[in-house]
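First to last, the sequence lines map onto chains A and B. Okay, so the first sequence: first residue is 1 according to the working numbering, each after it adds one. Okay, so the second sequence: first residue is 1 according to the working numbering, each after it adds one.
No lab work stands behind these hints, which were simulated from the structure alone. Mixed in with the good hints, there may be bad ones.
[What the hints assert, rightly or not] The calculated lysine to any residue pairs, modelled on SDA-like cross-linking and capped at a C-alpha distance of 25 Å, are: (1) Lys134(A) with Ser339(B); (2) Lys134(A) with Arg294(B); (3) Lys127(A) with Ser289(B).
[Claimed, not checked] A short, non-exhaustive set of chain A residues, derived as facing chain B with CB atoms under 7 Å: (4) Leu52; (5) Leu54; (6) Ile55; (7) Arg56; (8) Gly60; (9) Val74; (10) Tyr82; (11) Asn88; (12) Glu97; (13) His100; (14) Arg104; (15) Thr131; (16) Ser133; (17) Lys134.
As the structure is a computational prediction, the values presented were derived from the model and not from experiment. Think of the CB as a built atom: it goes at the ideal place given N, C-alpha and C, for glycine as much as any other residue.
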Amino acid sequence: MVAPAIHTLGLSKRYGDVDALADLDLEVPQGEVLGYLGPNGAGKTTTIRLLLGLIRPTGGHAEIFGLDCRLQPVQAHRRLAYVAGEANLWPSLTGAETLHLLARVQGHLDPAYRDLLVERFGLDPSKKVRTYSKGNRQKVILIAALSARPDLLILDEPTSGLDPLMEQAFRHCIHEAKERGQTVFLSSHILSEVEALCDRVGILRAGHLVEMGTLAQMRHLSSLTVEATFEGSVPDLSRVPGVSAVQVAGPVVRCQVSGTVEPLLKVLAVSGVHEVLSREPSLEELFLAHYGSGDVVEPVPVHVD
Amino acid sequence: MSTDLAVPADLAVPALASAGRGAGRVVARTTAVKAVRSALVWGCVCGLYIASSALAYASTYTTAREREALAATFGANAGFNALIGPAHQIGTVGGFTAWRSLGVVGIVGGVWGLLTATRLLRGEEEAGRWELLLAGQTSRRGATGQAVAGLAAGWLTLWGVTAGISVAVGRAGGVGIGVGPALFLALAVAASAAVFLAVGALAAQLAPTRRQAAGCAAAVLGVSFALRMIADSGTGLDRLRWFTPLGWAEELRPLTAPRPLVLVPLAALVLVAAGLAIHLAGSRDVGASLIPDRPAARPRTRLLSGPTGLALRLTRGVAAGWVAATALGALLMGLIATSVGDSLSATAGDREAFAKLGYSGSGVEQYLAVTFLLVALLTALVAAGQLGAVRGEEAEGRLEHLLVRPVSRYRWLGGRLAVATGYLVATGLIAGLMSWVGVAGVAGVAGVAGGGVGLGTLLAAGLNVVPPAVFVLGVGVLTFGTAPRAVAAVTYGLVAWSFLVQILGSAVTLSAWVLDTSLFHQMAAAPAAPVDLTAASVMVALGVAAAAAGAVAFRHRDLVGD
Chain A
1 MVAPAIHTLG LSKRYGDVDA LADLDLEVPQ GEVLGYLGPN GAGKTTTIRL
51 LLGLIRPTGG HAEIFGLDCR LQPVQAHRRL AYVAGEANLW PSLTGAETLH
101 LLARVQGHLD PAYRDLLVER FGLDPSKKVR TYSKGNRQKV ILIAALSARP
151 DLLILDEPTS GLDPLMEQAF RHCIHEAKER GQTVFLSSHI LSEVEALCDR
201 VGILRAGHLV EMGTLAQMRH LSSLTVEATF EGSVPDLSRV PGVSAVQVAG
251 PVVRCQVSGT VEPLLKVLAV SGVHEVLSRE PSLEELFLAH YGSGDVVEPV
301 PVHVD
Chain B
1 MSTDLAVPAD LAVPALASAG RGAGRVVART TAVKAVRSAL VWGCVCGLYI
51 ASSALAYAST YTTAREREAL AATFGANAGF NALIGPAHQI GTVGGFTAWR
101 SLGVVGIVGG VWGLLTATRL LRGEEEAGRW ELLLAGQTSR RGATGQAVAG
151 LAAGWLTLWG VTAGISVAVG RAGGVGIGVG PALFLALAVA ASAAVFLAVG
201 ALAAQLAPTR RQAAGCAAAV LGVSFALRMI ADSGTGLDRL RWFTPLGWAE
251 ELRPLTAPRP LVLVPLAALV LVAAGLAIHL AGSRDVGASL IPDRPAARPR
301 TRLLSGPTGL ALRLTRGVAA GWVAATALGA LLMGLIATSV GDSLSATAGD
351 REAFAKLGYS GSGVEQYLAV TFLLVALLTA LVAAGQLGAV RGEEAEGRLE
401 HLLVRPVSRY RWLGGRLAVA TGYLVATGLI AGLMSWVGVA GVAGVAGVAG
451 GGVGLGTLLA AGLNVVPPAV FVLGVGVLTF GTAPRAVAAV TYGLVAWSFL
501 VQILGSAVTL SAWVLDTSLF HQMAAAPAAP VDLTAASVMV ALGVAAAAAG
551 AVAFRHRDLV GD
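Isolated chain B (complex conformation) (with noise of 0.2 Å):
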């Protein structure tokens, strides 16, 4: 996500040159450089995305009993609400704006945090210029003190961003949002980027490398997420949102029923984790982990007889995590299934409202649709982190040592792109079974044959991911053979965009020509509906001629460093 943004090697030079003046601060002004940067970016993200649901709604639902309708069908739609959090007033302009915007909004807000975090903190140092730095009159824990405070400057800048296009729209025709509330509205909002980023710094102590403490990290939101969703659920586990910060962002309850002293949990939160990180950062040598790395080990070399094998031996490790993240997730949302489809499909007028979003069949497979809707977001980004593979060992240098033996560079990539194929494949079906065991667990226990959802029919809806996968897959190809620098921007913008529209269009009414542009809408609704076999041919089938135009153009061109 921000990973790919374009930082000069040498900022530390500069910053070193005035080492004479404020040799103290150099840590914290290149760490506050990078860390605005790419949160002015995302702060523009952020606040479009709760002006595009804004102003959406108020055109949309303009008489008091449209919004009634609204508020019925979605207030207790347990799907919704497992997905992005609980909807409290969605039947005025503010309770829809905080719902949307926390959930979704909410989510990006932590993963960029944790990915900044880990990248200005581990990355850095990983990449040796933390030892140019600390060459000067700094301590390890002044160091960290500083890019902590470099830090807090990035998240000041994507709360005011945010607060600012909040404000903005707020003051628009029919929305008539407060300045007050909106300022608290946008610090709901990025109060999980807060926490992440402290998260990310403490993952940075403890892990050898960016990718493991980003991994750590990772995991932290992962649980944070799945225990939200549980709790909003419906299924009487209410109390769980207490135990995960993304439960209590929800709780500020901005536009509808603030609540601030929910933020002395937060600050707390954040506050420990970071001065954690400072602490532990004086307990260590520069390049040292908590976490022990194992300097040597014995060669395995199973894997290690081509390029292929070598892809999969570097990628295993983080696809293991993706894919087991997806089995638990799945898991989880086939236990909660049952009850909460029960309650979907208690009234006659939610499912006429859910048939004119396309999602038939039962209560279950109603919700289990919904929830899909994150597994293809998954799978997605699965394909995007991918393609930053592949690029990074070209921008790295690595490639090269292959390159330069008997390898074309078709048959490279040819296995690269098979390897990942392989990961979103495996990820869709594992999605499929474990949602399968976790439907079929509990109608054992309640002693109902089946759980009324097939595993055909959930697996084949994992599948069903798979195709938007692979036309990310296949753009990115096309983006790394002719502007390989934009391989993450092009990708992850590709997945998140489609993201943002496709969960703004299932309330607001868009142009039909702004939903088609979202690779999550050409997907059927399966399990609620059927798998549109045609849509996903022709994503395949895209997918795959832009992945053949984009190899051509790799075979052509010159290798690009960073």
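Just chain A, same shape as in the assembly (with noise of 0.2 Å):
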């Protein structure tokens, strides 16, 4: 049987009173992709520090591809990359001094692929990490980790600094590293950034994974937006069954239906419509959901596309 890329159980870590993580199951087959949402102080680097070792878990247990992340974390940061959201690196290197050192460190690097990535994120590695910006020493460590392709990629808000440009080639490159079956754990805050890579997400509050699964299972649970705009008067939708967050500017109402969408269409059908919308919601959605109050869910854009 194939090892899960990461595999924890009730993975925990308290800091005085405070749960940073709470029984944390997890698991992510070999070569998946996924998104790791959550706000501020979610435990989200909490995860990601208690999986590479560089802090101690109060309770459970964690693996990467099998080995215990507490007991062989040398054998299992053999088989990983990681590139943290903030990169402190050593001001008086050069970027390709700094590149030249973690490969060296990593053991294993694919000089071609990491020269088309230098020329791909437009780094200028001549010179020193001192001058600078945040995110080019952002670019440094992405380079760095996927020029090393490891079977596991863990990524803590890898794009924070990065520009709309580079966001671009950050996605192309996790295409990449999917399409050659790598796994990858991505850690975000860019939720069309997550939409559009991930296959699976999980969302995390306080400590807790709230939820986890596909972005259309998620979906199915969660409720439609529907946009209705009438010729005549506007009928009241507010007793529909299923319907809720029902808002009226002019000619047009805007609500969220849960469940089955008949009682609605059979309203909509004698009130004189003129135009019907509706679509699924966005991952934005699905997130606020949690976190927001519930029931006024605006259909936002989304950050980036």
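Hints in hand, dock the two standalone chains.
In structure tokens:
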């Protein structure tokens, strides 16, 4: 049997009275791209630091490719690469020197792919790290991790500080990694990025994993947004079964429907409706539904697309 | 020393919030808060050293005869004169206290000044916090002027705390130092702090990084100290004293024959350096420096093949500076050793008194033994500095890039410690070698074969300073494993304590228990005494054991940031 890329059982980390992460059970099969979502302080970085063995769990257990994260970190690290959200590098080294060092420490490297990535991300490696902007430092650690072609990529908000063009280059790289069969664990704030790249999504809140599944599964469980434009008077839809969050703006009514849409369609059919638009919720709406008050979910345009 | 002072990074935020009212004084306020906080601590250290010197002298030497005997021994001792300055009227409480305080506390104040100024000016700028502040209405020149004003507040605090303790101890029975003289003593002791705050502020305009700025300022301090050392070695070069600010501070002669006029060149130097710093700040960009920083470089990857090579690459610049400074200092000591030693061995009384302190051998050897105490201090400071760098890698998040790759914590830490130990041995050996070159060179010119002290003896004396430094390294690793944020405080504190106790204990009677807590007391006074292999082995063994325990603790703890 093939060991999963990541496997955790009851993984927990407490700081004093605060549960930074509570009883995380997670399994990421090899070859999957997993999106890991949550607001600041939800426990995303704590999870990653536990997986990397940088901090010790106060409970539970974590494995990478069947190797214990706490007891066999060196063996586990041979098969993974990590990109932090804050790239604190050695200011006196140049970009090229940093890439050389990190590749030698990693142990294996694809020089041709590295050169391609340097070009793709538009990095000038002759400059000293001290003179780099945050985005350029981020490029250095992204290139170092991607060019190692590891079996598992653990990315903690990897595109912070990158401009939209570089964001596109990053997505291209993740698609390539996926095609090669690499596993990707992507913690992110950028929902469009997760929506575009990930097979499955986990949502974390206050140290607890509250949702886990494919986007299709999550959408199925969630409500549909319906927007109807009427020719004459606007009917009262708030009493229709399954309908909530009704908003009226002139001749346009917007509402959420959970469960079957049949009762709503029946009402609309006899009310002189001119146009009906409906769509599945975006990941952003799903995400906000978990954190917002839950009833007023505006169809907001997604971050970048 | 003061670099580890936990300064919350968000200090700028409340300051910014109140920018509406006193936008013009934000930089002055934030700098002053940080400078005053560390000045309170170091003012206490300086004051307590002065107090302990005065009280210990008053209780140890109670009769006039005892005091005369002490004055006869140390008054003409060129070794101690070179190390901590010339003795004036040390048959009195005031004379002794001024002698002990000026040399030792003056250096401590100078180091504090240059570290504080470079940290609060260049360090804050390097960390990007000045950009936040300067987004307000202040100009660069105005901001630097305010920062200098903040440093001045720090210096006033240092002087105030030192003066307060001095005045208090002056009233103690048997001491009898008046308020005016006590205030003047504190002023003389704090003078070098003022000078090196200003020099540090100037260096912060010249160099692109905090480390380089501190290095520049430390070089000035080193040269000032070397000039003062030559001037005070009784080699007929007394006039050199007027070419170094540390010499001016001595010429203030507090408690014996006060010369307030000498404050004029000191104040002038402080004003010129600080004014130049403010002027230069206006002619550059934020983050830029007057010594050009090469933004790009050809890759040099020879050392960058693993964590240990990286450690060597990152630390070699600073270490080379320390080793070069030690080499120059040792050469200087060797060059003047012969003339000094000859005057030292002139009286039988001297030799007897020195024998009691564990110093035997010829006059040259006795002089060298005292100056090797300074080498031991430098070497122990190298150990503390290396541990600060180890902790810095973790605190600033750079260590993660290595540990998330196939590098075990033991391998990383072991490599860092191997490099650090290498520097310690190199520092000791170069001191032994260069002091021999100095001694033998003078002897060669004078036509005396060998110069009286052999290369082997001096190399052994050089290696003799390594075990206390290894012990510091071990204690530091133990701290790193168990309480990582306290590494700098514990290591620098241990070194400072050991040195102060040893200097004080060389003249007054301290309880054996207190003396034993000084690492330098555990070290034999080579080359004036044979190397104590047992004591050396015990220190190394304890150091290694502490380091091993610390490494295991580090292996099992969380990484912690700043």
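Outcome of the hint check:
At roughly 59 Å between alpha-carbon atoms, Lys134(A) and Ser339(B) are farther apart than 25 Å, so this suggested pair is violated. For the suggested pair Lys134(A) and Arg294(B), the alpha carbons sit about 19 Å apart, so the restraint of at most 25 Å is met. With a C-alpha separation of about 17 Å, the suggested pair Lys127(A) and Ser289(B) falls inside the 25 Å cut-off, and the hint holds. For Leu52(A), the shortest C-beta to C-beta distance to chain B is roughly 5 Å, which falls under 7 Å, so the interface hint holds.
At about 5 Å, the closest approach between the beta carbon of Leu54(A) and any beta carbon in chain B falls short of 7 Å, and the interface hint on this residue holds. Given hint, Ile55(A) at the interface with chain B, holds; its Cβ is 4 Å from that chain's nearest Cβ, closer than 7 Å. Evaluation of the Arg56(A) hint against chain B yields a held restraint, the C-beta minimum of about 6 Å falling below 7 Å. With 7 Å as the threshold, the beta carbon of Gly60(A) stays out of range of chain B, its nearest partner Cβ sitting at about 15 Å, so the hint is violated.
Residue-level restraint check for Val74(A) holds (minimum Cβ-Cβ distance to chain B is 5 Å; threshold 7 Å). Checking Tyr82(A) against chain B: minimum C-beta separation of about 4 Å stays under 7 Å; hint holds. Hint status for Asn88(A): holds, given a least beta-carbon distance of 4 Å to chain B, under 7 Å. Satisfaction of the interface hint for Glu97(A) is found here, the shortest Cβ-Cβ separation to chain B being roughly 5 Å, below the 7 Å cut-off.
The beta carbon of His100(A) is positioned within 7 Å of a beta carbon in chain B (closest approach about 5 Å), and the interface hint is therefore held. With its C-beta approaching chain B no nearer than about 5 Å, Arg104(A) sits inside the 7 Å limit, and its interface hint holds. The interface hint given for Thr131(A) holds, since its Cβ lies 5 Å from the closest Cβ of chain B, which is under the 7 Å cut-off. About 11 Å separates the beta-carbon of Ser133(A) from the nearest beta-carbon of chain B, more than 7 Å, and the hint is not met.
A distance limit of 7 Å between C-beta atoms decides the matter here; for Lys134(A) the minimum to chain B is near 10 Å, and the interface restraint is violated.
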